[in-house]
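Peer 1: If you want the building blocks of each chain, they are given just below.
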Amino acid sequence: MASNLQLNANGELRHLLSIEGLPREVLLRILDTAASFVGVTEREVKKVPLLRGKSVFNLFFEPSTRTRTTFEIAAKRLSADVINLNIAASSQTKGESLLDTVANLSAMQADLFVMRHASSGAPFLIAHHVKPHEHVINAGDGRHAHPTQGLLDLYTIRHYKKEFSNLTVAIVGDVLHSRVARSLIHGLTTLGAPEVRVIGPRTLLPTGVESLGVRSFLDMREGLKGCDVIVMLRLQSERMRGALLPSAQEFFKHYGLTPEKLALARPDAIVMHPGPMNRGVEIDSNVADGPHSVILPQVTFGIAVRMAVMSMIAES
Amino acid sequence: MRLLIRNARIVDPASARDAMGDLLLADGKIAALDDAAKAAGADRVLDARGLVLAPGLIDLSARLREPGFEYKATLESEMDAAVAGGVTSLACPPDTDPPLDEPGLVDMLRRRAKVLSRARVYPVGALTVKLAGERLTEMAELAESGCVAFSQANVPVADTQVLWRALQYAATFGFPVWLRAEDLWLAKGGVAHDGEVATRLGLQGIPPFAETIALGTILELVRATGARVHICRLSTAAAVEMMRRAKAEGLPVSCDVGVHHLHLSEIDLADFGAHFRLEPPLRSRRDREALAGALADGTIDCACSDHAPMDEDQKHVPFAEAEAGATGLELLLPLTLKWGEERKLPLAKVLARVTSDAARVLGVASGRLAPGAPGDVVLFDPQAAWRVTPQALKSQGKNSPFLGYELTGCVRATVVAGNLVYER
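As you go down the protein sequences, you meet chains C and X in turn.
Under our numbering, residues 2 to 317 are what the first sequence spells out, in order.
Under our numbering, residues 51 to 474 are what the second sequence spells out, in order.
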């Protein structure tokens, strides 16, 4: 299943498709490796030769600026050649199938595919079909998973909180459509966080979400009590269509993070957001820019985490 | 041609027979059994030692893809698949292109099928023009050209007034109407059972009440109109309960289940395998258990293959983009036997669900082994195991969730109207 596809016979990372199914040791190894790269990103010469001569193809079937850029920076700091393909605007619209696109790129001697796709599970399809020396990193598939985001969230939490074993973490907002939430939940439960909460209106919490090992709260004030970590999710404006929410204003009133609601969490709570933020929709500017916010360090750690994943995969 | 089959284990669900014996086919019919069969002369004798002789299978839903989808499969390939699977009669849903909504199309299909002279083909006509759920088809005309029932295939009628009128009109002539119970709006955009697995995989769900709400509407309209309605492909435990109560109440209803749904559940989606994208979606293990139990106790009348052959391109895409459906004609027998084995049911009862019970729903005289009945039989080895591979399947569609699995029950010969149409 998923875990077999991601690990080789020695238990090393071959593809990164989902945090679900990765053993605790592998997650910790990624976080430790990332820690060693944080130093590199602070040096004057921000390059190491680990991926010299390798070709990394960024395949973004869905538009993205931040994730694509951080993957590109990470690959370049590892000395890889990076090719960016904005496929949303190219062959897919000409009717070429996903597998044909990847087969063509494979013929151009790719080593690593970094892939984002609007359909849940698309990177699994690719991972089943690539050649043995080719690797796939999921940069977000539908609502399913965004493992490098989940890992950088875990890295950030560990950086500020040191241990997972006594943490209460709340994930707030549009959990239904969020691959970020799913990846982080699997990461936190694997690393032993005792209480993971999801907070949102019924329309934005998926059916049976408790089966992922979380407690669900409909009242944000209730759910934030005693939290060490608050993760705010991005609310896409299209959710106002399809009868999921009446308005951004009403959402903000009940599920937006304001200083007043933040005060219900622990005094040393940190506030995270995967970006891009909608100020005044899910988060108040005073919180986003305030002392509890670790939103910008998340971005910096994201580069180190992606370097760690790419280098570990290249070594496998 | 007089064909004598000797030393077979003859299983005839209609007469509850399961005993060794001989059977003679002559003039396209079953002519005689046992001593009477042996006494009469024959042109050909098959020795069936170790094999089961049963009525040919009757499949209530098999897509032959003609007209319009010849790139997925053709009448030739699928009629070969039918007899290789021991299926001697099949009903084909109207979801062709164009849909079976005009007598000319039905005539053509039946003529083409007749020329191939393999399984008997019973077209199910479209209930509404182009299956659009707006205007009624000429049901009486379609019935004259050979339609045995009317259906919307997998396209629900959203407008309940149209559905009401359609049932009234069909009831006027006594035509059976076959319906999938699915609420168009609740199912919109969904690709999997709305449950824990879809939540984990990030797939849009179809809630179980998409089925029960639609079923409630249909049953209420049956009460109002008296139309004879067959519910196709139940998928939830709750709908099974509703059917149980409707039958107890005496409503003129029957129902079936897709044979894949007796064995698979949402758990099987775990690796995003597009072959597991079915319509209705694979539901929870509790639902599967309820379906398997209801087929055993007769609440569900029959199992069908819901055969939907397609080319690999339609499955070599991410799960949600894949076309729903599986090839099934050649899996109907082994998967039905597997269900019977798991529930420890007598073979005659197991086979009833794909022979005599299906014949009752379809309204045909086959599905039994009595003298004078149509000469449609299957001879199979109940112990022989075979592996499901693309090469092993005659169907042009190799899209099976069971690819790579070993199944038990292998067809050795199929006879339609007294003619040996398949032998291995």
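Derived by calculation from the structure, the hints in this document are not laboratory data.
Treat the hints with care, as some may be off.
To be verified - If you anchor each label on the Cβ, the simulated ranges turn out as follows:
#	chain 1	residue 1	chain 2	residue 2	range
1	C	Glu196	X	Thr458	20 to 28 Å
2	C	Pro247	X	Leu234	23 to 31 Å
3	C	Gln250	X	Thr439	14 to 22 Å
4	C	Glu223	X	Pro440	34 to 42 Å
5	C	Asn11	X	Met70	56 to 64 Å
6	X	Lys164	C	Gly243	44 to 52 Å
7	C	Glu97	X	Gly300	22 to 30 Å
8	C	Gly243	X	Arg185	44 to 52 Å
9	C	Asp269	X	Trp235	43 to 51 Å
10	X	Tyr455	C	Gly276	29 to 37 Å
11	C	Ser238	X	Lys164	56 to 64 Å
12	C	Arg242	X	Gln211	24 to 32 Å
For every residue, glycine included, the Cβ atom is placed at its ideal position computed from N, Cα and C.
Peer 1: Work down the list of hints and note, for each, if the structure agrees.
Peer 2: Hints, one by one, checked against the model:
no. : hint                                : result
1   : Glu196(C) <-> Thr458(X): 20 to 28 Å : 49 Å, violated
2   : Pro247(C) <-> Leu234(X): 23 to 31 Å : 24 Å, holds
3   : Gln250(C) <-> Thr439(X): 14 to 22 Å : 59 Å, violated
4   : Glu223(C) <-> Pro440(X): 34 to 42 Å : 55 Å, violated
5   : Asn11(C) <-> Met70(X): 56 to 64 Å   : 58 Å, holds
6   : Lys164(X) <-> Gly243(C): 44 to 52 Å : 49 Å, holds
7   : Glu97(C) <-> Gly300(X): 22 to 30 Å  : 57 Å, violated
8   : Gly243(C) <-> Arg185(X): 44 to 52 Å : 30 Å, violated
9   : Asp269(C) <-> Trp235(X): 43 to 51 Å : 47 Å, holds
10  : Tyr455(X) <-> Gly276(C): 29 to 37 Å : 45 Å, violated
11  : Ser238(C) <-> Lys164(X): 56 to 64 Å : 58 Å, holds
12  : Arg242(C) <-> Gln211(X): 24 to 32 Å : 27 Å, holds
The structure fails hints 1, 3, 4, 7, 8, 10 (numbered hints given earlier, in ascending order).
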